[in-house]
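Given next are the chains, with one letter for each unit.
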Amino acid sequence: MPSKHFCGSPDHAVSRRAFLGSTAALAAAAAADMTGLDVLSSPALAGELKKGRKRVILLWLAGGASQLETWDPKPGAITGGPFRAIKTDVPGFQISELMPQMAKRMKTTCVIRGLNTRNGDHGSGAKLMMRGRRDEANLRYPDLGAVVAREMGRADSKVPDYVTFYTQTEGRSMAPGDAGFLGARFGPMELTTNNTPEFIRKLDTITDLDHRERADLRDLLGKQFAKGRQSDTMNSQNEAYERVRGIMASEKLFDVTQESQKVRDRYGPTQFAQQCLIARRLVEAGVPFVRVARAWWDSHGQNFETHQEMVPELDHVMATLIDDLGERGLLDDVMILTLAEFGRTPAINASLGRDHFASAWSMTMSGGGAKGGAVYGKTDPKGNTVVAEEVDAGSLFATIYSSLGINPNKNYYVGSRPIPLVNPGVEAIAALAK
Amino acid sequence: MRLRLVLAAIVFTLTANASPAADLPPADRTVETVVDDAIDAAIASAGVTPAPQTDDATVIRRLTLDLVGRIPTAGEVDAYVKSTDPRKRANLVDHLIASPGFTRHQASQFEVMLSPDIERRGSGAIREYMTAALKDNKPWDRIFRELMLPDESDPKQKGAADFLRPRVTDADKLTNDVSVAFFGVNVSCAQCHDHPLVKDWTQDHFYGMKAFLARTYDAGGTLAERGFGIVRFKPNKGAEKAARMMFLTGTKVEDSTAREMTKEEQKKEKDEAEAAKKTKKAPPKPAFSARAKLVDVSLEKGNSDFFARSIVNRMWHRFFGAGLVNPLDQMHSENPPTHPDLLAWLARDTAGHGYDLRRLIRGIVMSKTYSRGSRYPTEALPDARLFAVSRLKPLTPQQLATSLKLAAADPAGFDGKKPDEFEKLMEQYESSARGFASLIAQPTENFQIGVGEALLFSNGDRIMKEFLTDGGGSLLARLKATKDPKEAAGFLVKVVYGRPPTDDETSALVAYVQKRSDRPAEAYRQLLWALVTGPEFRFNY
Numbered sequence: 001m002p003s004k005h006f007c008g009s010p011d012h013a014v015s016r017r018a019f020l021g022s023t024a025a026l027a028a029a030a031a032a033d034m035t036g037l038d039v040l041s042s043p044a045l046a047g048e049l050k051k052g053r054k055r056v057i058l059l060w061l062a063g064g065a066s067q068l069e070t071w072d073p074k075p076g077a078i079t080g081g082p083f084r085a086i087k088t089d090v091p092g093f094q095i096s097e098l099m100p101q102m103a104k105r106m107k108t109t110c111v112i113r114g115l116n117t118r119n120g121d122h123g124s125g126a127k128l129m130m131r132g133r134r135d136e137a138n139l140r141y142p143d144l145g146a147v148v149a150r151e152m153g154r155a156d157s158k159v160p161d162y163v164t165f166y167t168q169t170e171g172r173s174m175a176p177g178d179a180g181f182l183g184a185r186f187g188p189m190e191l192t193t194n195n196t197p198e199f200i201r202k203l204d205t206i207t208d209l210d211h212r213e214r215a216d217l218r219d220l221l222g223k224q225f226a227k228g229r230q231s232d233t234m235n236s237q238n239e240a241y242e243r244v245r246g247i248m249a250s251e252k253l254f255d256v257t258q259e260s261q262k263v264r265d266r267y268g269p270t271q272f273a274q275q276c277l278i279a280r281r282l283v284e285a286g287v288p289f290v291r292v293a294r295a296w297w298d299s300h301g302q303n304f305e306t307h308q309e310m311v312p313e314l315d316h317v318m319a320t321l322i323d324d325l326g327e328r329g330l331l332d333d334v335m336i337l338t339l340a341e342f343g344r345t346p347a348i349n350a351s352l353g354r355d356h357f358a359s360a361w362s363m364t365m366s367g368g369g370a371k372g373g374a375v376y377g378k379t380d381p382k383g384n385t386v387v388a389e390e391v392d393a394g395s396l397f398a399t400i401y402s403s404l405g406i407n408p409n410k411n412y413y414v415g416s417r418p419i420p421l422v423n424p425g426v427e428a429i430a431a432l433a434k
Numbered sequence: 435m436r437l438r439l440v441l442a443a444i445v446f447t448l449t450a451n452a453s454p455a456a457d458l459p460p461a462d463r464t465v466e467t468v469v470d471d472a473i474d475a476a477i478a479s480a481g482v483t484p485a486p487q488t489d490d491a492t493v494i495r496r497l498t499l500d501l502v503g504r505i506p507t508a509g510e511v512d513a514y515v516k517s518t519d520p521r522k523r524a525n526l527v528d529h530l531i532a533s534p535g536f537t538r539h540q541a542s543q544f545e546v547m548l549s550p551d552i553e554r555r556g557s558g559a560i561r562e563y564m565t566a567a568l569k570d571n572k573p574w575d576r577i578f579r580e581l582m583l584p585d586e587s588d589p590k591q592k593g594a595a596d597f598l599r600p601r602v603t604d605a606d607k608l609t610n611d612v613s614v615a616f617f618g619v620n621v622s623c624a625q626c627h628d629h630p631l632v633k634d635w636t637q638d639h640f641y642g643m644k645a646f647l648a649r650t651y652d653a654g655g656t657l658a659e660r661g662f663g664i665v666r667f668k669p670n671k672g673a674e675k676a677a678r679m680m681f682l683t684g685t686k687v688e689d690s691t692a693r694e695m696t697k698e699e700q701k702k703e704k705d706e707a708e709a710a711k712k713t714k715k716a717p718p719k720p721a722f723s724a725r726a727k728l729v730d731v732s733l734e735k736g737n738s739d740f741f742a743r744s745i746v747n748r749m750w751h752r753f754f755g756a757g758l759v760n761p762l763d764q765m766h767s768e769n770p771p772t773h774p775d776l777l778a779w780l781a782r783d784t785a786g787h788g789y790d791l792r793r794l795i796r797g798i799v800m801s802k803t804y805s806r807g808s809r810y811p812t813e814a815l816p817d818a819r820l821f822a823v824s825r826l827k828p829l830t831p832q833q834l835a836t837s838l839k840l841a842a843a844d845p846a847g848f849d850g851k852k853p854d855e856f857e858k859l860m861e862q863y864e865s866s867a868r869g870f871a872s873l874i875a876q877p878t879e880n881f882q883i884g885v886g887e888a889l890l891f892s893n894g895d896r897i898m899k900e901f902l903t904d905g906g907g908s909l910l911a912r913l914k915a916t917k918d919p920k921e922a923a924g925f926l927v928k929v930v931y932g933r934p935p936t937d938d939e940t941s942a943l944v945a946y947v948q949k950r951s952d953r954p955a956e957a958y959r960q961l962l963w964a965l966v967t968g969p970e971f972r973f974n975y
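Keeping their order, the protein sequence lines are chains A and B. Position 282, counted from 1, in the first sequence is what this note's numbering calls 282; the numbers after and before it change by one each time, with no gaps. Position 463, counted from 1, in the second sequence is what this note's numbering calls 897; the numbers after and before it change by one each time, with no gaps.
In short, the hints are calculated from the structure, not lab data. Some hints here could point you the wrong way.
[Unchecked claim] Straight-line alpha carbon distances no greater than 20 angstroms define the calculated PhoX-like cross-link-like pairs of lysine-lysine that follow:
1) 262(A) <-> 252(A)
2) 590(B) <-> 714(B)
3) 928(B) <-> 516(B)
4) 202(A) <-> 899(B)
5) 917(B) <-> 899(B)
6) 928(B) <-> 223(A)
[To be verified] A short, non-exhaustive set of chain A residues, derived as facing chain B with CB atoms under 8 angstroms:
7) 86
8) 183
9) 196
10) 205
11) 222
12) 224
13) 237
14) 247
15) 328
These figures come from a predicted structure and were not determined experimentally. For every residue, glycine included, the Cβ atom is placed at its ideal position computed from N, Cα and C.
My request is simple: use the sequences and hints to build the entire structure.
If you want it as structure tokens, here you go:
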């Protein structure tokens, strides 16, 4: 059905086909493109993609890490806590002493210190910070992973588009990956109990030959049925089965023992470190979006002990990831984000904890088109409010999208209704454009 | 072809508004003839050739899936195809609609329709309520009344309260969900501003609807309603104002109870809620129930069009895979129906026949439009809005799982069963498939099947253990006794797809088995896998 909002010009279809550059899945791929938008609808964007397909690793600091013990320390203030601030390789910019390794790498990283996202609830805060906006009553928005999968994934991809690790149970059910109206095609492959995806390995009861040939037989039956019939949903099913063997072949990507002991030691022995190493393996193989969740930062009590234990791990793993990607020549194409549902209160409570706080907190973007060395936003001396360059969830997402080369104002279509990637009127932060 | 599409577009534009009632087809005509005349007329004016009527085997598969939520057994297909009774389709439809499978399957469909979000679907109580209601063929307006004004002391209506209960903590969400589910209108855009594109919907509409619903609350487990209350909102322009109860048509309700509650009334409410918690009985109903008023107003002559058109559109969507208005929650003047007169006639007819859902459904599935083929000989398909070719409908999780169970069973097990035994057996298959169904995604608009489902079917242990077994009573066990691969392949296709195999299929399937002469049992298992994972099984076509 021709949509009045989508030109449907054959030129676009041709360019997309040329771009995909493969033969088999093409008809299915183009037809499955049912949200009616085209990666190459903008010539500028097409140019951007040719340079390198951007990918994202999101380090999800579940429960809400403290900005004061990481990116926005307030040493000496009554709210500052016991840790000092240290100099970084960006003149005039200091971070917490718990992050000595990142202090030497801030030229790779852009820090946003003025986040005011107005939602201090774990569940709805996680939804907001995974989507950049609140769902409407009857419209579920895709999250960041699904949008990046949609924009940067290949229709005929042999690897998953969106992988999320969330092994700890705290907060997991509150922050599921969700493709919203984009549908299952762009939904996450979720890994919770171990580091290998479910159903990626064939059962022992069938030989590899039989597994492959019965799929060929299915394909033959499907093609007969498809004669004279057209359906986007049918195409998506065929495409899903066509991807099975490729995804199965990507099982090794999830296996850290494929890496040398030296590389594994470099990341470190923790689960978070190992999952970040897998994330590196995945993006290297072309997976557009990987989230690694590390829980549980929700330090209502003993905030300083919690952060003394968890921040150095984050510091080490994040620094290693940046170095490793840099050495492989991937840092311009892979963006590492640190983000959570919110930050923590400057006020220290009676249990020496910090509570939920969404009015003045921080996040980071490293590599992948982010403006390294930039610090955006300023909080007051105690960290209670943003005093300059305030950023809300919408403009943060617009900034992430445009750093990745995705036009935040482009439309998806639900039925005939145009839905831009960010709400109308929301703009990327101009100062962070590269 | 291109010119025809343009012409079709012009036809749509010209007929965007329904004719006056006097110009609609006469009221005494049957649903199916009015449907076919209207659809055929639009196809003819577009200069398009529709797909031919589909064959009997496909008709019984389509009807059985749509009406009772499963594929037909090989025996049912055979009997239907062989029958020369000119009334065989009507008899089949009547038989299926009268069967318990109909109420169970339609109840599942209504459950999803009322609560598209799985989180709000609750414990399945709505499905139980809907099953009982459909069994009694309760009219849709009565069901609406019971869902909106549930009498929780009546055990038969207990589940009805599960529509409101999970929503009462968020009056905005409740307002929109009620408007979407019963009136086909999504007013959420008008919550923050007058709708930018649709002049029908202003903030007065959203808050006017909310004023009917905002007094409803959860009194410790039972639903209750305040006798007073006022909804205020800040319009885009001007000062904050109080919302008047107003239905979507603009009909306003005079309301002397629109005021804040006094301190005493608030205390009384609190006490009553405490008491309700202890006695598990709802607090007394208010003298004036705003929610009951909404139900009355929305069913009044002059206002009931929204209610009637929405249920017609949703039933049309259920059986044709698309509405006369799409999306289903965008029924407003800027989004006209594809066939305005047809929708108007069906809405009038349905209201005029006491919102009898069975009558409407029967009429739809008896139409020739419903039994059109899903294949079209040329690559350029007619505009989908013409309903000139049947759409493929992905099976719901329950349809798919139950059908898998049936396809994997030895069809001899269904032979010679008395009707009530057969029905009981079908219910058992349905129940035993429920667990697997929960692993499958519910179809939505623009539904896509993800690689997760393909991986589950390709490598999941459950598929092998629950479906593709060769234990007693299974199709695969039956095949062990077959010596001739050609006969076995033919039998498999017959049971799973309800039709004989094509020559190409026969040679491919036989070659597959012959290549595995050392492991024929495995070969047949793999054939069955290939058949049930194919689109011919995954879709109602």
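Hints versus structure:
1. Only pairs whose Cα atoms come within 20 angstroms are accepted, and residue 262(A) paired with residue 252(A) is accepted, the gap being roughly 18 angstroms.
2. For the hint linking residue 590(B) to residue 714(B), the alpha-carbon distance of about 17 angstroms falls within 20 angstroms, and the restraint holds.
3. Taken as a hint, the residue 928(B) and residue 516(B) pair is honoured in the structure, with Cα atoms around 15 angstroms apart against an allowance of 20 angstroms.
4. Restraint check for residue 202(A) and residue 899(B): the C-alpha separation of about 14 angstroms stays at or below 20 angstroms, so the hint holds.
5. Taken as a hint, the residue 917(B) and residue 899(B) pair is broken in the structure, with Cα atoms around 25 angstroms apart against an allowance of 20 angstroms.
6. This hinted pair checks out: residue 928(B) and residue 223(A) have alpha carbons roughly 18 angstroms apart, not beyond 20 angstroms.
7. Violation of the interface hint for residue 86(A) is found here, the shortest Cβ-Cβ separation to chain B being roughly 45 angstroms, above the 8 angstroms cut-off.
8. For residue 183(A), the interface hint holds, the least distance from its beta-carbon to any beta-carbon of chain B being 4 angstroms, beneath 8 angstroms.
9. Because the beta carbon of residue 196(A) sits about 12 angstroms from the nearest beta carbon in chain B, more than 8 angstroms, this interface hint is broken.
10. Look at residue 205(A): its Cβ gets to within about 7 angstroms of chain B, closer than 8 angstroms, so that hint holds up.
11. Annotation: interface hint on residue 222(A) holds; nearest CB of chain B at approximately 5 angstroms, less than 8 angstroms.
12. Among the interface hints, the one on residue 224(A) holds; its C-beta lies about 7 angstroms from the nearest C-beta in chain B, closer than the 8 angstroms criterion.
13. Because the smallest distance between the Cβ of residue 237(A) and any Cβ of chain B comes to about 4 angstroms, under 8 angstroms, the interface hint for this residue holds.
14. Contact between residue 247(A) and chain B, as hinted, is supported at the beta carbon level, the nearest pair being about 6 angstroms apart and thus within 8 angstroms.
15. Look at residue 328(A): its Cβ only gets to about 27 angstroms from chain B, farther than 8 angstroms, so that hint breaks.
Violation of the numbered hints given earlier is confined to hints 5, 7, 9, 15; the remaining hints are satisfied by the structure.
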